[in-house]
Amino acid sequence: MTGLLELDDIHTAYGTSLVLFGVSLEICRGECVCLLGRNGVGKTTTMRSIMGLTPPYKGRVRWKGEDVTGSHPHRMARRGIGFVPEDRRIFSELSVWENLDVAQRSAKRPGPWTIEAVYALFPKLRELSKRPGGVLSGGEQQMLTIARTLVGNPELLLLDEPSEGLAPVVVESLLAQVKRLKAEGLTILLAEQGLDFSLALADRAYVLQKGSVRFSGPAGELRENVELRDNLLAL
Amino acid sequence: MLELLDSGFVLGQLRSGVTTAIFLFLIASGLSLIFGVLRIINFAHGSLYMIGAYIAWDTTARLPGYGVSFWASVLVAACVVAVLGAVVERCLLRFVYRREEHYQLLFTYALVLIFSDAAKILWGTEAHSVSRPHGLAGSVELGGVRFPTYELVILAIGSMVVIVLWLSLNRTGYGRIIRAAALDREMLGALGTDVSSLYTTMFMAASFLAGLSGALITPIRSVVPGMDVEIIVDAFIVVVIGGLGSLWGTLLGSLVYGMVLAFGIVIFPRFSIFAAFALMALVLIIRPWGLLGRPIR
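Protein chains in written order, with my numbering: chain A, 38 to 272; chain B, 55 to 351.
Calculated directly from the structure, the hints in this document are not laboratory data.
One should not assume that every hint holds.
Unchecked claim - Short, incomplete list of chain A residues facing chain B, as computed with Cβ under 7 angstroms:
hint, residue
1, 88
2, 111
3, 128
4, 140
A virtual CB, placed ideally from N, CA and C, is assigned to each residue, including glycine.
Work out the full structure: start from the sequences and follow the hints.
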């Protein structure tokens with residue numbers, strides 16, 4: 038396996054409030070890595086740091102070996118990093134199709150994920166294609182936000198809390214769809230609070246606590262070792 | 055008041071209201087577009103209109119063969135102002151996007167003062183006028199009312215701008231990106247759009263419209279210092295009535311304001327400006343986000 042993305046001791050702050058204190062992690066091509074931790078430990082900030090939305094003030098971000106620290110978000114997107122934000126950020130007044138079209142034109146990365154292909158993965162979106170994004174249900178918006186990032190044909194997908202606020206049935210089908218993406222060879226970094234969703238998918242896991250990595254290892258270890266799990270993640 | 059019973063008179067006022075509305079729309083649409091996408095209130099937008107007028111007057115005077123030269127100078131004025139707008143955005147405005155609103159207001163107001171003095175240095179303080187282009191100096195009679203031909207041309211150009219703006223925003227890929235930028239610029243950037251170059255393009259397009267309207271108004275009104283501030287006040291009334299950031303709102307606001315000016319002068323001769331301000335105050339009380347705007351979240 039070859040290293041796709043590498044974070045080397047990154048420190049990130051919002052203004053004067055420090056959030057990340059030296060996070061290092063590595064993601065290899067084809068892997069599904071999950072970023073675990075309670076609310077507010079820095080999972081979203083880690084993703085925002087990778088994407089260049091909140092660049093780290095210290096440490097390095099490397100993409101395929103190249104130092105890309107401090108790159109603009111649009112450059113990261115065009116390099117092949119797709120960000121699916123936790124709050125979905127659908128363009129509410131644009132239709133479903135327009136949301137996808139804007140994303141495709143923005144990333145300028147032609148590939149297998151065309152609008153037709155994402156409609157095949159999420160058939161519901163085809164039915165809704167003329168509806169404004171703002172009127173979709175939570176689950177539909179979650180599909181749209183993933184689909185919107187997919188049409189940019191990313192090599193790495195940053196999925197921030199995809200199951201949050203969704204009904205269990207919806208989470209179930211979402212899980213199946215993300216599994217399909219993984220099976221097709223997409224590299225995924227998944228941030229989650231809940232273990233069920235993430236451990237069902239992940240090969241490896243990093244657990245964050247107060248802005249730094251407290252555990253890293255195979256996901257199976259967290260699945261089996263209850264004591265470790267409770268220690269790191271219990272509320 | 056009795057004049058209102060005369061249909062010819064009413065049509066005449068309607069005509070003058072529509073002409074005013076077109077110029078207001080050309081100006082205010084740029085202001086509204088800039089606010090909708092860049093989230094900046096650009097006081098200097100009226101200055102770009104004034105500079106457009108001066109350049110059109112200056113170029114017309116230099117070019118031989120009036121008639122062709124007028125339209126050529128309109129184009130020159132609009133393009134020069136568009137480039138000027140792009141320079142202002144790239145070199146100055148981009149440093150104030152993250153500042154607080156009152157800072158941005160002061161900043162663009164400073165630009166108003168700078169441009170106004172620069173215009174006085176370059177073109178003097180006396181009033182200049184441009185005569186109507188060849189072939190368009192006369193008038194056409196429609197339904198018992200004489201319409202100056204030039205105003206009909208303005209009507210055609212104005213309607214074309216409305217249609218082109220609507221089509222480009224709603225029926226083109228770039229327009230969809232612009233609408234997305236107005237809704238969530240950070241997300242759009244994370245999807246791969248270079249939002250900062252989009253801003254420059256938007257500012258350039260809005261400046262083009264300002265320069266265009268400044269150039270087109272020269273045969274109707276004289277080119278004088280102070281026309282910048284006068285138009286920006288009108289344009290703000292329009293966008294407040296119609297709703298900042300909304301294209302149809304800007305069109306509606308322009309028409310309403312144009313009509314209030316045209317008919318207000320008959321109904322309450324001394325208070326037509328007051329009527330416009332009263333209307334604006336009323337809109338602000340009932341729908342603070344304008345007739346067709348939407349509340350800012």
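So, going through the hints one by one against the coordinates:
no., hint, result
1, 88, "holds, 6 angstroms"
2, 111, "holds, 5 angstroms"
3, 128, "holds, 5 angstroms"
4, 140, "holds, 5 angstroms"
In this structure, none of the earlier numbered hints is contradicted; all agree with it.
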